[in-house]
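2 protein chains.
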Amino acid sequence: MTDTFCNPPVVAIVGTGNVATHLCNALGDQVTLHRVDPHSFDGMPDHADIVILSVKDNVIDQVAENIPKVFDIIAHTSGSVSIDILSKYGTDYGVFYPLQTFTKDVPLIYAEIPFLIEGNSQKTQETLFRLAKKISGDVRFADSASRKTLHLASVFACNFSNCLIGIADRILRGKDMDYQILLPLLRQTISKLQHVSPIEAQTGPAVRKDFLVINAHIKMLEQSGHDDWAEIYELITNQIISNEL
Amino acid sequence: MTDTFCNPPVVAIVGTGNVATHLCNALGDQVTLHRVDPHSFDGMPDHADIVILSVKDNVIDQVAENIPKVFDIIAHTSGSVSIDILSKYGTDYGVFYPLQTFTKDVPLIYAEIPFLIEGNSQKTQETLFRLAKKISGDVRFADSASRKTLHLASVFACNFSNCLIGIADRILRGKDMDYQILLPLLRQTISKLQHVSPIEAQTGPAVRKDFLVINAHIKMLEQSGHDDWAEIYELITNQIISNEL
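Same order as they appear, the protein sequences are chains H and E.
When we follow numbering that gives the first Met the number 0, the leftmost residue of the first sequence carries the number 0, and every step to the right adds one.
When we follow numbering that gives the first Met the number 0, the leftmost residue of the second sequence carries the number 0, and every step to the right adds one.
Fair warning: there could be bad hints in the mix.
Treat identical chains as interchangeable: a pair holds within one or across any two.
[As the list claims (entries may be wrong)] In silico BS3-like links for lysine-lysine, alpha-carbon gap of 25 Å or less: (1) Lys55 with Lys218; (2) Lys122 with Lys174; (3) Lys55 with Lys208; (4) Lys132 with Lys87; (5) Lys218 with Lys174.
Note that these hints are calculated values from the structure, not bench results.
Extracted from the complex, chain H is given alone in its bound form (with noise of 0.2 Å):
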């Protein structure tokens, strides 16, 4: 990885939140760095060549507009909000997106991480372009249409399979069970999709069409009480029905 920057760049993370910690983790070595506060703005440099706000998007606007105008470079981390909302607060302006989720005291490889990187100007879209390639193998530019896409898939994805592995998990604990169990399946589950298409990985009695398995699933939901879980048992199971068709 060549480094274009002629001396280590001055970066202020501004966040205390998890994503500002890991960011802070992953750059430490390899940056001048400032972890600043955001509501104090203790710790601001005199100057910085980039400030990144990683705050809660409800808050960057505010925070931006307080923050010391020190900088060449402001960014946010943010995959639902546009980069124009940084355009009142700079001339040079954009986004520095990690795809990934972040809990505190949860080890991550950074190198793996996909960061998506947008920019108003070219000379700035590579500065952070340049930025990530010191954390990551995978930076891509993306402009605020695909960020958001990529943002409502990744729902889908994972915050949304964690829901179901939840509701499995309180499945289970009627049993004396727990999710637990069920982990080598699931990292078997993800595992098998760098082989094959999610269309292609499907299994269960869904894609079978076996009606007699899914309407004893249904039943069991419905007794437990749960008509919330048998209603997703049942929309879920529909889409991979047609998925089919």
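Position chain E relative to chain H; hints supplied.
Same frame as chain H, but now just chain E:
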């Protein structure tokens, strides 16, 4: 692992599918193994200590009826079929259920696969338990009701998650991306669950009650002409929100 069989047991695996193939791979070196055709019964030995029927749920009964009665124990490998289906066909019968998703040519770590064992007598149960122990470090007893519950849970956790990843894939294809970009995030989503429960691990707009993002996502889905995806989005989002109450 102590082997308490006096001699390597003679095991006949009946079936042509992926489960049968993987069981043969996993057991091949450790027992005297015969692979048996479920139609002609070609390959059936003169005597088998254990016959394992690894065939589709809806033909277990028929294959068990027609198989030469030259075995001590007969077992099936289904998650959703009761042990009782085999009661007509042998004195000693049981269930030998590997909790995994088997795909041809996709390698598996057999030692991590949970096996759920049931037998009509303690002796049968223990014999099947010892056989499973030759493959896996995680072997448990489970009655038919528990096994059915586990099967239902794995449909939610694995089959349905795969369907949601398929929806994500189709969303991304509209922007010249595909599900592969989500794989590091998906691996981390599962990996986190070794440390924290699904309810603690939940991230995304629903758990943040970020209705700005939620409503924008639903609008994107509706505008794409996929009311079915919008319906799934709303239902699972409501599930996540209600978990928090």
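Here is how each hint holds up against the structure:
In this homomeric assembly, lysine 55 and lysine 218 come within 25 Å of each other (Cα to Cα) only across copies, at 22 Å, whereas the closest approach inside a single copy is 42 Å. In the homo-oligomer, the alpha carbons of lysine 122 and lysine 174 lie at most 25 Å apart only across protomers (24 Å), although the nearest pairing inside one protomer, at 59 Å, exceeds that limit. For the identical chains of this complex, lysine 55 and lysine 208 are inter-copy neighbours only, at 12 Å across copies versus 43 Å inside a copy, given an alpha-carbon limit of 25 Å. Taking the shortest alpha-carbon separations for lysine 132 and lysine 87, neither the intra-copy value of 27 Å nor the inter-copy value of 65 Å comes in at or below 25 Å.
In the homo-oligomer, the alpha carbons of lysine 218 and lysine 174 lie at most 25 Å apart inside one protomer (17 Å), although the nearest pairing across protomers, at 40 Å, exceeds that limit.
In summary, the one numbered hint that this structure violates is 4.
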